[in-house]
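2 protein chains.
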Amino acid sequence: MADRKEAGAKAGEGPASSQPTLDETDGEAPGRKSALGYTRPRTYEELRAVLASGTVHFPKRLRQVAIFLWQHPDDVALGTIVQVAEQAGVQPSTLVRFAKTFGFAGFSDLQGLFKDHVKGSWPEARGRAEPSPKAETRAELHFLGGIVAAARASLDRIGESFDVASFEAMIDVLAGADLIYLVGSKRAFPVTAYLSLTLSQQGVRNVLVDNVGSTAFDQIGCIGRGDALLAVSFSPYNSITPDLVAVAHEREAQIVTITDSTFSPLIPLSRRWIEVIESDFAGFRSLAASLSVGMALVHGVAARRSAGRRQGG
Amino acid sequence: MADRKEAGAKAGEGPASSQPTLDETDGEAPGRKSALGYTRPRTYEELRAVLASGTVHFPKRLRQVAIFLWQHPDDVALGTIVQVAEQAGVQPSTLVRFAKTFGFAGFSDLQGLFKDHVKGSWPEARGRAEPSPKAETRAELHFLGGIVAAARASLDRIGESFDVASFEAMIDVLAGADLIYLVGSKRAFPVTAYLSLTLSQQGVRNVLVDNVGSTAFDQIGCIGRGDALLAVSFSPYNSITPDLVAVAHEREAQIVTITDSTFSPLIPLSRRWIEVIESDFAGFRSLAASLSVGMALVHGVAARRSAGRRQGG
DNA sequence: TGCAAAATGGAAATCCTCTTCGAAATTTCG
DNA sequence: CGAAATTTCGAAGAGGATTTCCATTTTGCA
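Note that the protein sequences, when read in sequence, are chains C and E.
UniProt numbering puts the first residue of the first sequence at 1, with every later residue one more than the last.
UniProt numbering puts the first residue of the second sequence at 1, with every later residue one more than the last.
If you're looking for bench data, these hints aren't it; they were derived computationally from the structure.
Be aware that one or more of the hints could be misleading.
Copies of the same chain look alike in the list, so a pair counts if it fits in one copy or across any two.
As the list claims (entries may be wrong) - Derived BS3-like pairs: lysine-lysine, alpha-carbon spacing no greater than 30 Å straight-line:
(1) Lys100 / Lys119
(2) Lys100 / Lys60
(3) Lys115 / Lys186
(4) Lys60 / Lys186
Using the sequences and the accompanying hints, generate a full structural model.
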């Protein structure tokens with residue numbers, strides 16, 4: 001490690017003279033620069049402390065950089081400036097500007113901190129992921145542990161049993177649809193809400209049937225043969241979801257369903273369906289598995305759509 | 001990283017023809033050369049297995065390289081070829097020869113293995129409960145695996161670092177409030193939607209500020225000193241959430257926040273806040289951790305409320 | 001609303017890294 | 001012991017990566 005640092009120092013010889021800008025500004029208006037003119041952090045921890053202090057007010061892009069550095073230190077350490085910039089959604093030059101703001105000679109200099117950190121923490125920090133023992137001490141923390149465990153269990157179950165064929169078929173149906181309707185009540189609504197958002201962000205137009213203004217049946221009344229409906233429904237099945245799906249079925253729309261048991265009244269109406277079982281803790285039920293499967297569906301649809309567009313024209 | 005690999009492959013096009021030495025010797029004395037003619041290892045573990053097998057007889061310098069790679073994988077991942085060569089006590093070109101011996105296009109290609117390994121973000125190797133091996137065969141299933149892994153990683157992070165004090169304090173604030181307002185836009189909306197539902201089911205009255213009819217500011221305009229506001233907000237912070245929270249802050253409501261970085265503009269306005277970092281996969285972000293923490297909050301509030309009622313009434 | 005200052009995006013220029021190649025040194029085998 | 005093959009070394013060229021610079025956009029303020 002010492003060797004590497006020496007080599008680095010050699011490469012960047014004279015970093016002090018190569019950043020006159022900072023010295024100048026320092027001399028001109030120290031009052032404001034004190035926030036940005038922090039002495040160059042010497043370790044990753046120092047940098048993190050500065051970022052966390054919250055005393056620094058960054059403009060938009062630089063803040064974006066700060067957030068990315070905070071959340072993805074590994075990628076910063078391992079990637080090139082272009083790769084990091086791409087992942088962070090900024091220009092490479094922005095990264096350099098950011099580094100200089102903190103008194104580094106450039107991005108490479110800043111990156112050194114991250115490399116050292118990764119190097120130092122690598123072999124030991126591997127065996128993590130265990131909740132701290134204190135988790136059991138307070139009731140609320142115990143509950144949090146239970147909720148997290150339920151979410152994990154739900155995710156595990158996806159790996160254990162997953163109907164690949166149905167999943168693929170559902171993507172086909174949705175990708176082939178003219179317009180995608182999303183239906184989900186109560187617990188299922190957060191799922192459809194997120195899927196609707198993600199679909200829109202992927203450029204796939206869709207209708208989230210949210211029943212605001214009690215207009216759900218009117219919305220569904222517009223569904224046609226070329227459209228598809230993705231229903232998300234959990235037991236107990238006492239919401240309006242089955243009724244809405246029934247209407248869509250009458251109108252000969254393609255229906256696909258995410259549900260939590262084979263007894264769901266939606267299954268007879270559905271072209272394809274997939275079972276996702278969510279675990280619960282003390283009656284509080286996870287959504288982790290449904291969201292994951294739903295996101296995968298969205299991704300599959302978006303991918304197939306763009307592929308089709310490339311093909312077709 | 002995929003980019004890098006492609007570039008590497010292009011640069012080293014026809015690696016087989018560029019090492020005729022090996023092929024020749026192969027024909028002459030296969031017993032010894034089979035060791036070098038290994039197919040290119042695809043993962044760090046594979047490479048390690050080959051090195052460990054001991055069946056390979058390297059010349060002096062190459063052996064030196066093998067030993068160094070074995071003992072200092074992190075330095076290999078993070079350094080440049082010059083730095084690695086220096087530390088290993090060989091010429092840079094020796095490293096390139098070593099890499100080519102194993103069928104890599106060059107040093108960068110070999111280094112990719114080490115980078116991937118260090119990053120380890122890829123919980124595929126993280127333990128049991130793998131999705132079926134077929135998971136890699138189809139793109140969509142691979143994506144599902146990635147989404148699930150991201151959700152798991154998010155949940156893991158709760159266990160690693162969790163600000164218990166803030167969490168407890170947030171429960172106190174919310175439990176003591178007259179009416180609880182919930183604010184969250186875009187990605188955060190599914191979270192607040194689910195929390196609102198759960199609160200209601202627990203008998204805790206609340207207002208979900210959903211901005212239907214663009215009435216969010218009017219709703220928030222009714223918040224008072226005795227009320228609390230739970231804001232959920234993720235970067236980028238370009239939604240109306242900060243504005244809504246600012247209004248609530250002016251009206252002296254108690255504000256608590258779930259956010260994903262200390263840079264959130266909500267933090268200065270918040271009485272207490274807690275950081276929850278969600279992992280993402282290919283830009284699709286999990287909500288698992290936020291939902292879990294939120295549910296735990298709801299449970300804590302409900303428990304404290306009913307305890308208070310028992311006491312007071 | 002208009003001006004000034006700051007921030008941003010993008011491309012050119014520079015620097016460094018990686019790879020290639022031929023000569024020298026070493027080893028191996030007859 | 002000598003010749004051939006193999007390995008090593010070091011320099012030079014090609015290709016990226018990083019940085020710098022400037023036009024444009026955005027922000028802040030009167």
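Do the hints match the structure? See the list:
For a Cα distance limit of 30 Å, the shortest separation of Lys100 from Lys119 qualifies both inside one copy, at 24 Å, and across copies, at 26 Å. Proximity of Lys100 to Lys60 under the C-alpha cut-off of 30 Å is restricted to the intra-copy arrangement: shortest distance 16 Å within a copy versus 44 Å between copies. In this assembly of identical chains, the alpha carbons of Lys115 and Lys186 never lie at most 30 Å apart, being 34 Å within a copy and 35 Å across copies at closest. In this homomeric assembly, Lys60 and Lys186 come within 30 Å of each other (Cα to Cα) only across copies, at 19 Å, whereas the closest approach inside a single copy is 37 Å.
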